[in-house]
Amino acid sequence: MTTKGFLRPLTRRAMLSGTAGAATFIATSPLHSPAIAQNAPLKVGMMLPYTGTYAKLGQFIDDGFRLYVEQKGGKLGGRDIAFVQVDDESKPEAATDNMNRLVGREKADVVVGTVHSGVAMAMVKVARDTKTLLIIPNAGANDATGPACAPNIFRTSFSNWQSTYPMGKVMADAGIKNVVTITWRYTAGAEMIGAFAENFTKNGGKIVADLTVPFPEVEFQALITQIAQLKPDAVFSFFAGGGAVKFVKDYAAAGLNKTIPLYGAGFLTDGTIEAQGEAAKGIRTTLHYADNLDNPANLAFLKAFKAKTGKDGDIYAVQGYDGAALLDIGLTAVGGDFNARDKMIAAMGAAKIDSPRGPLSFNKAHNPIQNIYLREVRNGRNEMISVAQADVDDPARGCKMT
Amino acid sequence: MDFITLGVQLLNAVQYGAVLFLVASGLTLVFGILGVINLAHGAFYMLGAYLAYWITLMTGSFAVALLGGVLVAFIAGILLETVFVRLLYGRDHLAQVLLSFGLILVIDEIRQLLFGKDVHAVAPPAWLSGSIQLTDNLSYPVYRLAICVFCLIAALVIFFVIARTKIGMIVRAGSENREMARVLGIKFDRVNRYVFAAGIALAALGGILIAPISTVFPGMGDSMLILSFVVVVLGGIGSVAGAAVGALLIGLTDTFGKVFFPSVSSILIYVVMAAVLLWRPSGILGRQDA
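Chains A and B, in that order, are what the protein sequence lines are.
Each residue of the first sequence is one higher than the one before, starting from 1 at the first, in the numbering used here.
Each residue of the second sequence is one higher than the one before, starting from 403 at the first, in the numbering used here.
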């Protein structure tokens, strides 16, 4: 199984885009004569899930990144960009081989990836060993910008801690005293529930019970009955994808949503609302994005994304888009000279981006500093109610930047 | 825990067991009578759920989805038996595992092409969409109760067919002593085909029935496949009554395990399985001499 990812040939799309990139370069190169070091296009390796459960997320990140590059005429910091693409299939066991192939055989200068935290952590390890510049456009594992942080690793999405910590205060301020938490028993679940509980208890709240189900099981009925018996003031939950849809529907079908309000991490209702339907109505969540943000950057982004792909942009597309924006800032600072790495990384670390999600900057561990929004499901959308906490900065526990 | 909550949890356990039984009964038929390990059983469960989603969307009727989905699965079963599964009889288990694992990949790709990878919801029929108030703050969807009733009916039909009809008699003879039955002039080709198709149809039926209370999503067959095997092994391979007992036992273990021993709930059903197999190596209702 481990050799499978290594032996698999490049996808046709990757070949096509690579060829197209090369063709563009050949066609345009006679028109200008840049320095030799900047002659070849900068090779960006996209290591994302193009198939499997997270395929849609991977495609949106890819589309977002490419949209930004297109808007800059196919260049970042004046340097031509060529893409090479690898499907990571969200398989941690193949992640190291895939990453090594991108860095070794494909000679990618920069790698962008990925969605799944397990895969991302394997990529982080290779990036640390090979000093490859890595931009993480989704995976939220705290460790990536914690104990495993490095100067050449950036994240344009969120840390799990960051996405739920503000909700602790929001719920305590709403007068909620007793909460039952429920999630899958795995790292992301533990990190999201942990951050919420940390802030909630700090503000005087009490966690009555910490319920978990094995990942990725979706049989919730026993625990829902338990919640009904415990009668907490509210429930805080984290599930995603199919599990999120089923949990929200089961919760509503049991009639609990009438007496015990449901709160959650933003992923509970992101990309799942349509299938959840009426059952999702009124659920409040926190995330670094909302469907109706009306800042000019978001409006312009959504319009451009729709024009390019025909689809409505979402947080995943934004995270990819901002990844390209971050790389652009780094390359611009060094005039496209990728060899001036230290200067480039310093510029990226100091970047201030007017992101569709709102103001975006980076902490010393290269995790985003960003607003976390309180949203409520209304009219089938995650509509912003307020800024739950502005400029949320992950504590980056265990990060020693060398 | 008070008595009412205990009762509700018991209901949860029975309802979960009922669905497990429906899916596992198809597996135990194919396994016990044809001797074929069908790893693609979970994939047909998933396909059933997607068919329920798609047909309900097209026709607006869950009843049509129920009949249509089962029919499609039955026909698919007949075709598969004729073209592929036939070659597996008498071969070693590795060949069966390889072929049925290949089927999983193919079915998954077909699902990807036809329905995409989004998560979907299916509405239960209107007359079953209400709910019953059980405690002051907990209500129970009528549809979940209906599933229990439906599974009970399905179980009775299966028992009746096997115990009282001619085809059931042939099936039983075939699983007892195939050579002798063949000597007596029974042609198994057609029986095999129908048994396999019925097994597939039962998997799909489980998927269709669960669709309104579950959600329809790509990986839903995987965990169901493992649970079905646990149920089959626990109850005794080839025994439909054993599957019923096994399914109920797993339903109870899983539900009360989650409530009383949450930290080890994920391994509890396997602990129960190991314990039962130590006590009865061929399963609860399996033939102990086998």
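Any given hint could be a false lead.
[What the hints assert, rightly or not] Below are the EDC-like pairs computed for lysine to aspartate or glutamate, each with C-alpha atoms no more than 16 Å apart in a straight line:
1. A:258 x B:591
2. A:56 x B:520
3. A:308 x A:70
4. A:311 x A:274
5. A:231 x B:520
6. A:131 x A:109
7. A:311 x B:404
8. A:306 x A:337
9. B:519 x A:274
[Claimed, not checked] Ranges of calculated distance between the beta carbons of each label pair, as one might list FRET restraints:
10. A:306 x B:485: 39 to 47 Å
11. A:209 x B:405: 42 to 50 Å
12. A:281 x B:405: 29 to 37 Å
FYI, nobody ran anything at the bench for these hints, they're computed from the structure.
Predicted model, so just to flag it, every value in this text is computed and none were measured.
Beta carbons are placed, not taken as given, at the ideal position from N, Cα and C, and that holds for glycine.
Evaluation of the provided hints:
1. This hinted pair does not check out: residue 258 of chain A and residue 591 of chain B have alpha carbons roughly 57 Å apart, beyond 16 Å.
2. Between residue 56 of chain A and residue 520 of chain B, the direct Cα distance comes to roughly 8 Å. Compliance with the 16 Å bound is thereby established for this hinted pair.
3. The straight-line distance between the Cα atoms of residue 308 of chain A and residue 70 of chain A is roughly 10 Å, inside the 16 Å bound, and the hint therefore holds.
4. Among the hinted pairs, residue 311 of chain A with residue 274 of chain A is consistent with the structure: their alpha-carbon atoms are about 15 Å apart, no more than 16 Å.
5. Annotation: proposed proximity of residue 231 of chain A to residue 520 of chain B is violated, straight-line Cα distance about 34 Å (limit 16 Å).
6. Between the alpha carbons of residue 131 of chain A and residue 109 of chain A the distance comes to roughly 10 Å, so the proposed pair stays at or under 16 Å and holds.
7. At roughly 51 Å between alpha-carbon atoms, residue 311 of chain A and residue 404 of chain B are farther apart than 16 Å, so this suggested pair is violated.
8. Straight-line distance between C-alpha atoms of residue 306 of chain A and residue 337 of chain A comes to about 33 Å, which puts the hinted pair past the 16 Å bound.
9. Between residue 519 of chain B and residue 274 of chain A, the direct Cα distance comes to roughly 14 Å. Compliance with the 16 Å bound is thereby established for this hinted pair.
10. Taken as a hint, the range 39 to 47 Å holds for the pair residue 306 of chain A and residue 485 of chain B, whose Cβ atoms sit roughly 45 Å apart.
11. The hinted range of 42 to 50 Å is not satisfied by residue 209 of chain A and residue 405 of chain B, whose Cβ atoms lie roughly 20 Å apart.
12. Separation of residue 281 of chain A from residue 405 of chain B is about 33 Å and conforms to the stated range, judged on CB atoms against 29 to 37 Å.
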